[in-house]
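Novice: Please build the complete structure, drawing on both the sequences and the hints.
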Amino acid sequence: MYTDLAKFYDLQYSWKDYPAEVRRLEALARRYGRSGGSSWLDVACGTGKHLELLSRHFDCAGVDVNAEMLKVARGRLRGVPLTRGDMRSFRLPRRFAVVSCLFSAIGHLTTERDLRRAFRRMADHLLPGGVLIVEPWIAPEDFRGALIHLRTYEDPSITLVRCAFSRREGSRSVIEYSYLIGEPRKGIRYLREVDRGLMVPPVRLLKLMESAGLKPRFLRRGFISDRGLLIGVKPLFGSRRGSGSRGWADAA
Amino acid sequence: MTAARSLMFHKLAEYYDAFVDDKDYRGESRRLETLARRYCRSGGRSWLDVACGTGRHLEFLRRSHSVVGLDRSVEMLRVARHRLPKVRFVKADMRTFRLDRSFDVVSCTFGAVGHLATERDLRAAFTNFARHLKPGGVAIVEPWIDPAGFRPGFLHLMKHEERSASLVRLSHSSRRGNHSVLQIHYLIGEPSRGIRHFEETEFGLMVSRRRLRELMADAGLVPRLLPHGLRPGRGLLLGTKPRSRRSKRRSADPSSYRNDRRRSPGEPFQ
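Going line by line, the protein sequences match chains A and B.
First residue of the first sequence? That's 71 in the working numbering, and the numbers climb one at a time after it.
First residue of the second sequence? That's 19 in the working numbering, and the numbers climb one at a time after it.
Treat the hints with caution; some may be incorrect.
Unchecked claim - With a straight-line Cα cutoff of 27 Å, these simulated DSS-like cross-link-like pairs (lysine-lysine) come out:
no., chain 1, residue 1, chain 2, residue 2
1, A, K77, A, K256
2, B, K29, B, K41
3, A, K256, B, K109
4, A, K86, B, K177
5, B, K109, B, K41
6, A, K86, A, K141
7, A, K141, A, K77
8, B, K109, A, K77
9, B, K177, B, K104
Claimed, not checked - Some, not all, of what chain B presents toward chain A, calculated at C-beta under 7 Å:
no., residue
10, G171
11, H190
12, L200
13, Q201
14, I213
Rather than coming from a laboratory, the hints here were simulated on the basis of the structure.
All of these numbers come straight from a predicted model, not from anything done at the bench.
Glycine is no exception: its CB is placed at the ideal position from the N, C-alpha and C atoms.
Specialist: Shown next, in the form of structure tokens:
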């Protein structure tokens, strides 16, 4: 996904208030974190818009599965190690005070097994007392199917159109995106992609987070309405229930 | 401007009105009427709208005139007939149509003449307009872009959103000789059908304003260019048909039509 669109990704989401989100993220990290560290790993970091701001106060790193997105992020971020990796299987040689996975990136996972693996990977990269912040995908009861959503962006160098058609297949959301990318010198290109995502009720997400060895909490007020935020705190001592070494083995 | 069968005027005709929903047909019609009052000397109130499309101008013009609409798209005329059930509509090509009567005003707006592929086609159309004018009548033509004012690399986005559909038309302009080339993409999103994508290329014949005057004069009409037309930067081309006997000879009534004229069938752009 996003392979051809990485360059334009930030224009698409120019409405997103990254500074406000980062202020909130930092406040949450301060409030729930007990590790005493100041390192931050952003999983599914995309073009690095959050990391750009987080790296002012934290020692940051990023992981993303998409090489094109990382290319954009590398152009934006200096001195932030970025690793290409899948959130279900990535392994970095260090742990962090905070791990985040934002903008409903976990919604790209399509099975509960994948979700379980991803939570475990993230939990395993936390220092004791560290905090995981996940912005979940929409809950099944909040999803309104068969909708068309149109968004456009125009400046002198580019015109972008994104038309999304969202519908439901059982507990999966299916969003078909049609893009038009118009540039004065290049003309217009049409791209299409389909995103499938698993919709999981918050209660279930909390359970999955718990089985990854974290103490979970759901905050109804998130960044986007109907999404909320999941917080998982890794215990300072012992109690490595379902996590730790088993997690490493699981990924192998 | 036209590919074999323009998507917009055929397959997508049902969406046409939504695409142009910000066009001020009422204001344009008022301006057309004012011009007709000012320049028409034939004394009657009959009006032929060539390339009438879905009949949006006629909807207003019919209040003060007895109107006939003409278009070459069946699909557009279907919408027009639905809108104006009492108005007579004719499916025909502007270069070759033959009606059994003449009019006080013949109009052809929204750059429709740009759909013609060659100057020969334009000449045929103007001659045909003239043929269907009463002596003293006036032709009002809103030309396609002037080659001098053409902007290559121009992106034009039109969008329309309502409950039942989201519509997008994005066009990109380039130039090939005297033709403008518009690459046009459409997205039509409907909750009931998902998103459909269409693409087409439209060629438009760009003719200088001076040349347009000449062509109008050749058709036997007294040409006049108005810099301020219906839309900014487009202008209007008027042609009045002389009432004198001398120039009547040139095109006068439909019966004088010479049957040896080729009917310009399938040209590459038409």
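Novice: Could you check the structure against the hints above and give me the numbers of any it violates, in ascending order?
Specialist: The structure breaks hints 3, 8, 9 and 12; every other hint is satisfied.
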